[in-house]
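Number of protein chains: 2
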Amino acid sequence: MASNEISGGKLRGITKLADSNGRFKMMAIDQRGSMKHALAEALSKTDDTVTYEEIAEVKTSITRVLAPYATAVLTDPIYGYPYSIMEIPRDVSLLLAFEESGYVTEGVGENERASKPIENWSVEKAQRAGADAIKLLIYYNPDASEPACKHQQDFVRYVGEACEKHDLPFLLEIVSYALEGTTKSVDFAKQKPDLTFRGVAEFSKPKYRVDILKLEFPADLKYTDEYRTRSFYAGESAYELSEVRDFCKQLDATSALPWVILSAGVDIEEFIEDVKLATEAGASGFLCGRAIWKDAVPLYPDTDEVVKFLESEATENFKNANIAAENALPWFEHRKFGGKENVGLAKQSPTWYRDY
Amino acid sequence: MASNEISGGKLRGITKLADSNGRFKMMAIDQRGSMKHALAEALSKTDDTVTYEEIAEVKTSITRVLAPYATAVLTDPIYGYPYSIMEIPRDVSLLLAFEESGYVTEGVGENERASKPIENWSVEKAQRAGADAIKLLIYYNPDASEPACKHQQDFVRYVGEACEKHDLPFLLEIVSYALEGTTKSVDFAKQKPDLTFRGVAEFSKPKYRVDILKLEFPADLKYTDEYRTRSFYAGESAYELSEVRDFCKQLDATSALPWVILSAGVDIEEFIEDVKLATEAGASGFLCGRAIWKDAVPLYPDTDEVVKFLESEATENFKNANIAAENALPWFEHRKFGGKENVGLAKQSPTWYRDY
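Chains as they are written, first to last, in numbering that gives the first Met the number 0: chain L, 0 to 355; chain B, 0 to 355.
One or more of the hints may lead you astray.
Any copy will do: because identical chains look the same in the list, a pair fits if it lies in one copy or spans two.
What the hints assert, rightly or not - Restricting the straight-line Cα-Cα distance to at most 30 Å, the calculated cross-link-like pairs of lysine-lysine (DSBU-like) are:
#1 Lys-339 <-> Lys-307
#2 Lys-115 <-> Lys-346
#3 Lys-346 <-> Lys-35
#4 Lys-346 <-> Lys-164
#5 Lys-124 <-> Lys-164
#6 Lys-124 <-> Lys-206
#7 Lys-189 <-> Lys-204
#8 Lys-275 <-> Lys-307
#9 Lys-189 <-> Lys-248
#10 Lys-335 <-> Lys-248
#11 Lys-149 <-> Lys-124
I should point out that these hints are in silico values taken from the structure, not numbers from a laboratory.
Using the sequences and the accompanying hints, generate a full structural model.
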């Protein structure tokens with residue numbers, strides 16, 4: 000008998016997010032703030048003059064060309080879904096973002112971040128629209144003030160409960176941030192392992208009802224000795240590669256849930272290293288956006304050039320990321336499930352349909 | 000600009016039911032009454048002594064072996080879903096049945112049939128459980144009494160409204176029946192074209208909110224002259240093949256919606272002819288159960304023999320049906336849509352997510 004039960008909708012959704020071997024090779028194209036900024040640079044104008052149509056158009060192109068290489072596509076309901084939904088192939092599943100892009104600073108302390116939902120959007124709407132899973136991004140620093148931590152925790156619980164009600168998989172993305180200084184520093188690189196572990200420990204708790212964690216790499220390879228000859232090396236070191244491997248193992252040991260790695264806009268060369276190290280330690284794949292396609296955006300508004308880049312370099316990037324994820328741990332092999340033969344339908348019985 | 004708009008959930012669902020070219024190659028394993036009867040014969044006992052476990056087990060085997068050949072699997076929430084859901088591959092979509100198996104005769108005239116829903120089941124539950132579409136079977140004879148016709152029409156409208164509310168595709172199966180005598184007669188074979196056309200004309204009306212029709216073949220090839228040398232010929236003729244081709248064309252002309260052909264338990268040899276003739280006339284594929292796998296059931300409880308048959312003959316049957324459906328009209332080429340480039344998202348706009 001199966002020892003690890005999962006409800007029908009979540010089981011079906013998670014199965015669809017992964018490839019047939021249980022590995023996640025997912026693409027994110029739900030960026031809003033960072034996309035607006037990249038387009039502003041491409042068009043030599045200010046962020047606030049970038050139009051809806053410009054954002055929607057570039058998202059449509061990226062989705063059309065790259066979705067076929069993904070097991071799932073994460074998009075947003077504002078600029079993404081209405082103009083890209085027809086570009087997602089039948090066998091590529093759909094994640095929809097729940098959070099408003101960015102964060103607010105009202106009601107929390109200095110340098111602290113509070114996430115909020117997209118107004119007039121809901122888990123119920125996402126399910127109706129065909130979402131196979133809900134994605135929520137929260138900024139989280141466990142050393143932030145109690146009100147700031149509690150705000151984020153409450154928000155995650157709220158979304159976890161809504162996903163449980165609608166029996167949709169809940170994918171939580173945790174992004175750490177600096178309470179002092181910048182995330183682009185050797186100081187923050189040194190803090191990163193600890194910050195990551197503590198965020199994962201918190202949101203692994205069953206009360207949040209998360210199904211899959213989308214995690215930052217628990218270190219910064221830009222500050223890793225062994226990469227000093229690589230183009231992404233930052234010029235200072237925070238740790239050695241053997242320590243980074245240990246951080247990945249500790250991250251895996253801390254996560255009570257299957258987890259995937261995010262790209263946070265690093266270059267593809269660095270991201271492929273992240274994927275190799277993370278999957279070696281037990282990650283079940285990736286959910287990656289900019290590392291794959293970001294260099295297409297500066298070519299806008301020359302749509303031919305955008306598409307040409309997507310069909311050549313970006314496609315190559317995606318294929319390389321998929322190869323790097325071939326060693327990922329299938330989600331059902333995570334110790335939470337303990338193998339395919341141990342995964343069972345919750346409340347499996349002749350009266351399932353009545354009790355469901 | 001797109002001229003034929005479709006809501007997001009329905010668009011996504013229909014896309015997933017079909018193959019990447021828009022053709023439906025779907026398997027039905029939602030039989031309950033007929034499955035119980037076939038198992039009773041296999042086990043030399045009465046229908047009412049067939050156990051839940053026996054039905055669920057044979058459904059699980061059929062789903063496990065044959066689902067990979069289908070673009071979608073239709074199962075039932077009672078015996079099917081709880082023990083078969085894990086057997087449906089990530090890229091094979093899921094239809095769930097809404098109606099109770101069979102029909103009731105209370106409240107309608109002699110020999111008339113009224114369909115009813117599965118108790119304690121709902122469109123909302125089906126959506127939560129991961130259904131990509133809802134299937135409803137109704138028995139319909141347009142010459143039945145006004146209360147009998149109205150009962151069935153009201154039931155279809157009820158389900159159509161629920162599907163619209165949840166933005167799930169609604170697939171309606173219309174099965175005609177004899178008010179006098181039997182459906183297995185040359186007399187009924189002669190009535191069949193007219194009965195089929197009138198049912199399709201009724202439920203094509205927009206008020207029922209149907210998305211796809213699952214239809215009987217509009218004639219009976221057992222009573223068609225040109226098949227007199229074939230094993231399925233019944234010994235008497237009702238029409239010539241040229242007339243049958245005309246019936247198929249008339250059916251297509253009557254259906255305001257994309258339609259697929261059902262197998263109604265005929266042998267595979269006859270079904271392949273049905274599929275060829277129907278797709279030649281404009282059908283978008285098939286939703287077929289027994290014609291493909293029925294000969295596996297008499298081998299039960301010898302599960303090895305059941306699986307052996309499924310992996311050999313039944314697989315061959317499925318592959319042949321898929322080949323016969325290669326000429327089917329892609330759903331978006333139906334005149335309702337007028338080609339892929341004319342299909343658009345309903346309420347497509349920057350405020351889609353607010354208005355949805």
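Hint check results:
In this homomeric assembly, Lys-339 and Lys-307 come within 30 Å of each other (Cα to Cα) only across copies, at 24 Å, whereas the closest approach inside a single copy is 41 Å. Within a single copy, Lys-115 and Lys-346 get their C-alpha atoms only as close as 34 Å, which misses the 30 Å cut-off; across copies the closest is 25 Å, which meets it. Taking the shortest alpha-carbon separations for Lys-346 and Lys-35, only the inter-copy value of 24 Å comes in at or below 30 Å, while the best intra-copy value is 46 Å. With identical chains, the CA atoms of Lys-346 and Lys-164 are at most 30 Å apart both within one copy (15 Å) and between copies (27 Å).
With identical chains, the CA atoms of Lys-124 and Lys-164 are at most 30 Å apart both within one copy (13 Å) and between copies (11 Å). In this assembly of identical chains, the alpha carbons of Lys-124 and Lys-206 lie at most 30 Å apart whether taken from the same copy (24 Å) or from different copies (24 Å). Taking the shortest alpha-carbon separations for Lys-189 and Lys-204, only the intra-copy value of 25 Å comes in at or below 30 Å, while the best inter-copy value is 66 Å. For the identical chains of this complex, Lys-275 and Lys-307 are intra-copy neighbours only, at 28 Å inside a copy versus 41 Å across copies, given an alpha-carbon limit of 30 Å.
Within a single copy, Lys-189 and Lys-248 get their C-alpha atoms as close as 17 Å, which meets the 30 Å cut-off; across copies the closest is 73 Å, which misses it. Taking CA atoms no more than 30 Å apart as the test, Lys-335 paired with Lys-248 passes inside one copy only; the shortest distance there is 16 Å, against 56 Å between copies. Taking the shortest alpha-carbon separations for Lys-149 and Lys-124, only the intra-copy value of 26 Å comes in at or below 30 Å, while the best inter-copy value is 33 Å.
The earlier numbered hints are all upheld by this structure, with none contradicted.
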